[in-house]
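Enquirer: Residue numbers (the working numbering), protein chains in the order written: chain A, 6 to 307; chain B, 27 to 260.
In short, the hints are calculated from the structure, not lab data.
Here a beta-carbon is modelled for each residue, glycine too, at the ideal position from N, C-alpha and C.
Please note that the accuracy of each hint is not assured.
Said to hold, decoys possible - Restricting the straight-line Cα-Cα distance to at most 30 angstroms, the calculated cross-link-like pairs of lysine-lysine (DSSO-like) are:
#1 B:101 x A:191
#2 B:44 x A:176
#3 B:151 x B:101
#4 B:130 x A:102
Stated by the list, open to error - Reference excerpt, derived from the structure (chain B facing chain A, CB under 8 angstroms, subset only):
#5 63
#6 96
#7 125
#8 126
#9 190
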Amino acid sequence: MSGLTRNCVARVIIQQLFNGLALGMAYALIAVGYSLVFGILRLINFSHGSIYAFSAHMALLFIGMQFGVIPAIAMSIVLTGLLGVIIDKTALEPLRKKNSIPMAALITTIGMSNIIQNLLMIFFNTERKPFPAFFDFGMIKLGNLQINSTQVVMCIVSLALLILLTLIINKTKLGLSMRATEQNAKAASLMGINTNFIISFTFFMGGASAAIAGALISGYYQIVYPGMGFMVGLKAFAAAVLGGIGVLYGSVVGGLVVGVSESFAATFIGSSYRDSIAFIILILVLILRPTGLFGKKDIKKV
Amino acid sequence: MLKVSGLNTYYGHIHALKGIDLEIKKGEIVSLIGSNGAGKSTTLGSIAGLVRSQSGTVTFLDNDITNMPPHNIVKLGISLSPEGREVFPALTVHENLKLGAYIKNDKRSIADSYERVYELFPRLKERIKQTAGTLSGGEQQMLAIGRALMSEPQLLMLDEPSLGLAPNLVLLVFELIESINKQGTTILLIEQNASMALSISHRAYVLETGKITMEGLAKDLADDPRVRKAYLGA
Ligand SMILES: Nc1ncnc2c1ncn2[C@@H]1O[C@H](COP(=O)(O)OP(=O)(O)OP(=O)(O)O)[C@@H](O)[C@H]1O
Ligand SMILES: [Mg+2]
Numbered sequence: 006m007s008g009l010t011r012n013c014v015a016r017v018i019i020q021q022l023f024n025g026l027a028l029g030m031a032y033a034l035i036a037v038g039y040s041l042v043f044g045i046l047r048l049i050n051f052s053h054g055s056i057y058a059f060s061a062h063m064a065l066l067f068i069g070m071q072f073g074v075i076p077a078i079a080m081s082i083v084l085t086g087l088l089g090v091i092i093d094k095t096a097l098e099p100l101r102k103k104n105s106i107p108m109a110a111l112i113t114t115i116g117m118s119n120i121i122q123n124l125l126m127i128f129f130n131t132e133r134k135p136f137p138a139f140f141d142f143g144m145i146k147l148g149n150l151q152i153n154s155t156q157v158v159m160c161i162v163s164l165a166l167l168i169l170l171t172l173i174i175n176k177t178k179l180g181l182s183m184r185a186t187e188q189n190a191k192a193a194s195l196m197g198i199n200t201n202f203i204i205s206f207t208f209f210m211g212g213a214s215a216a217i218a219g220a221l222i223s224g225y226y227q228i229v230y231p232g233m234g235f236m237v238g239l240k241a242f243a244a245a246v247l248g249g250i251g252v253l254y255g256s257v258v259g260g261l262v263v264g265v266s267e268s269f270a271a272t273f274i275g276s277s278y279r280d281s282i283a284f285i286i287l288i289l290v291l292i293l294r295p296t297g298l299f300g301k302k303d304i305k306k307v
Numbered sequence: 027m028l029k030v031s032g033l034n035t036y037y038g039h040i041h042a043l044k045g046i047d048l049e050i051k052k053g054e055i056v057s058l059i060g061s062n063g064a065g066k067s068t069t070l071g072s073i074a075g076l077v078r079s080q081s082g083t084v085t086f087l088d089n090d091i092t093n094m095p096p097h098n099i100v101k102l103g104i105s106l107s108p109e110g111r112e113v114f115p116a117l118t119v120h121e122n123l124k125l126g127a128y129i130k131n132d133k134r135s136i137a138d139s140y141e142r143v144y145e146l147f148p149r150l151k152e153r154i155k156q157t158a159g160t161l162s163g164g165e166q167q168m169l170a171i172g173r174a175l176m177s178e179p180q181l182l183m184l185d186e187p188s189l190g191l192a193p194n195l196v197l198l199v200f201e202l203i204e205s206i207n208k209q210g211t212t213i214l215l216i217e218q219n220a221s222m223a224l225s226i227s228h229r230a231y232v233l234e235t236g237k238i239t240m241e242g243l244a245k246d247l248a249d250d251p252r253v254r255k256a257y258l259g260a
């Protein structure tokens, strides 16, 4: 009897671990959006959560128009990337040109967040809408373990994208010019780099990866609503800060910590703790390491 | 090659350049002399597109480049090694140089540029993989000059290239400027060390609080009593 219970607990732990890893990888995809924009502008883009919600609604809209799930998601990725660019071009770039105080840009992103969420409410109304479980291939057997295929897909897709992103940043000429712009935008422009294009591209990548996460998480929970980006956005932000904002692999580790702690807290402490545990960990980490787990000591803007 | 006429630049209410006129001919070394805050760096910044000017024109090889964004000006063949080095601190020496050649696509010619820069500054070659932020001040200065050369500019603008260098290195930098010039690059130079700058220049301009007050052959200016008194400490 007690052997059976132990077996059961072990299975729940492993189940929850995979659950947490899957969610965590998706958080990481959203977290890199905060990290990329912060790296290049030293700005926390608080509209990122709403950008994520926007992506899920676009995917839902195109699925409803019978484009097929994958093309619908592809269109949502492009549109969401463009939304990021539009936010920067219409609201943030004018502030940079006027050399306004950092707080102005921060408030602008919060305003943008509310505007997007409001528009979603107007056009899609506030109710929770079903989203197809488009990557559910049943259970996968691993020895005498059963893992949900959705979790495996989420892990693999997110990991592949994060690796791709890292390769772009570290191995391509475009990535080199992103790093240069991040370190010294003025010098980068003297090298012949169009820094405005680089900033737009950064917003595009942030939006596009949020859209991929949006499709994954919506397919996982099978539910979509305008306010869905609020808590997820905050958690992804916590993940980015936890790992050290501006450091990509930090976002991945941060995302995993947030995802796994969330799913364990929900199972073993009680589901009412699921949304606060990530922040408790964040606060503890920041007290011990103010720059986050992998953060650079001194990110000086030259 | 480069012609600046009636250039006016403001920082907010500060009128930093008050109608600057200057001209540089192909193959020359031209110096810009002036005390702190005279507007020397602002002049180079206005030419390079970093600072917007309110009126006046800048023409380079028959192109009107007034208020063109900096990344397009580089493509036309003007390169600036800015005041204070401004290297990319977390990137390696090699990556910094690679960015210097950002506008070039021809692999062969990029390889030639590396070769040339490493030949001019062997010390950089020993530190290819070191991040620029960990280089000594003098080495960073070499990197900044080398990086500006990577695009093979027709006009190289150097803002205080010998700042913070040991006396023997200062000498080396001046020799380098002359040899870069002999290899066919036109040079616009700002230097605190006015006597050395004048000694290697063909012509020079004296800038005082945003206005050009004197111009002429470098050797004539070096003999001018006013210049000697104000800038050569004689
Ligand atoms: N970003 C800025 N904002 C406001 N004022 C500025 C700015 N940059 C320069 N100035 C002002 O413009 C004037 C010219 O400055 P500039 O840097 O061109 O001088 P400079 O001749 O290069 O001096 P130095 O020899 O000290 O480098 C100075 O009065 C300076 O205070
Ligand atoms: Mg200066």
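Enquirer: Indicate, hint by hint, whether the structure satisfies it.
Expert: Hints, verified against the model:
1. For the proposed pair residue 101 of chain B and residue 191 of chain A, the alpha carbon gap of about 16 angstroms is at most 30 angstroms, so the pair holds.
2. For the given pair, residue 44 of chain B sits about 46 angstroms from residue 176 of chain A by alpha-carbon distance, which is inconsistent with the 30 angstroms threshold.
3. Note on residue 151 of chain B and residue 101 of chain B: the hinted pairing holds, with a Cα-Cα distance of about 26 angstroms set against a maximum of 30 angstroms.
4. The suggested pairing of residue 130 of chain B with residue 102 of chain A holds, with an alpha-carbon distance near 29 angstroms, which does not exceed 30 angstroms.
5. Restraint check, residue 63 of chain B versus chain A: the minimum CB separation of about 20 angstroms is more than 8 angstroms; hint violated.
6. Evaluation of the residue 96 of chain B hint against chain A yields a held restraint, the C-beta minimum of about 4 angstroms falling below 8 angstroms.
7. Because the smallest distance between the Cβ of residue 125 of chain B and any Cβ of chain A comes to about 5 angstroms, under 8 angstroms, the interface hint for this residue holds.
8. The criterion of a C-beta within 8 angstroms of any C-beta in chain A is met by residue 126 of chain B, whose closest approach is roughly 6 angstroms, and the hint holds.
9. A distance limit of 8 angstroms between C-beta atoms decides the matter here; for residue 190 of chain B the minimum to chain A is near 16 angstroms, and the interface restraint is violated.
When the structure is compared with the earlier hints, violations turn up for hints 2, 5, 9 and for no others.
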